[in-house]
Amino acid sequence: AQKITQTQPGMFVQEKEAVTLDCTYDTSDQSYGLFWYKQPSSGEMIFLIYQGSYDEQNATEGRYSLNFQKARKSANLVISASQLGDSAMYFCAMREAHDDYKLSFGAGTTVTVRA
Amino acid sequence: DTEVTQTPKHLVMGMTNKKSLKCEQHMGHRAMYWYKQKAKKPPELMFVYSYEKLSINESVPSRFSPECPNSSLLNLHLHALQPEDSALYLCASSQGRGANYGYTFGSGTRLTVV
Chain A
1 AQKITQTQPG MFVQEKEAVT LDCTYDTSDQ SYGLFWYKQP SSGEMIFLIY
51 QGSYDEQNAT EGRYSLNFQK ARKSANLVIS ASQLGDSAMY FCAMREAHDD
101 YKLSFGAGTT VTVRA
Chain B
1 DTEVTQTPKH LVMGMTNKKS LKCEQHMGHR AMYWYKQKAK KPPELMFVYS
51 YEKLSINESV PSRFSPECPN SSLLNLHLHA LQPEDSALYL CASSQGRGAN
101 YGYTFGSGTR LTVV
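Chains as they are written, first to last, in the working numbering: chain A, 1 to 115; chain B, 1 to 114.
Source of the hints: derived by calculation from the structure; they are not laboratory data.
Be careful, since some hints might not be right.
[As the list claims (entries may be wrong)] Lysine-lysine pairs mimicking DSS-like chemistry, simulated, CA-CA at most 27 Å apart:
1) B/K38 with A/K3
2) B/K41 with A/K3
3) B/K38 with A/K102
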């Protein structure tokens, strides 16, 4: 079964607008970590934000925030005030306590920011 | 120094060649990883090294041979590759085991097998 599901293959967003990228996950572990990475066309995988399963507050890092709904097993990424440099592929990923070397990735969402 | 350095950035090799990919980190991370990524797909785990020992081999063909000479270096030796092995190869490291440790990735090596 898929551990991480990203249902939006591609999205267009207008510059300066906010965009939400969906991510749902599946795990039976109580302890797990959720991560979002950005991958521009250059190939580098850039860490954006982390949410722990026991964290009660939603994580925020600058223009990035994570909307964590534990009961629904969702961890959506919100990018506020989109910039042209935000155009990239975005991956949601999870590490589980029982299998803690592996980082399981979703299929990714390509975001294109329009001027 | 919070980065993972991969060399070379680009590599073209023939199917009979032997080449190596290199990865270096100086963050004191004790777990290092090799991933393979095809275009527009998520990365796929190949190998995990923990404290310089091979912990996970995800059934990777023997034409890929990893090596961890010390805690800062990770190599991937390539021999007799096939055209379908052309991909972006990403190295990563993490502080250790545990669900709260993220990975730090290098910028990757784009490999083309001709």
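Results of checking the hints against the structure:
1. B/K38 with A/K3: holds, 19 Å
2. B/K41 with A/K3: This hinted pair holds, its Cα atoms lying about 15 Å apart.
3. B/K38 with A/K102: holds, 18 Å
Violated hints: none; the structure is consistent with every hint.
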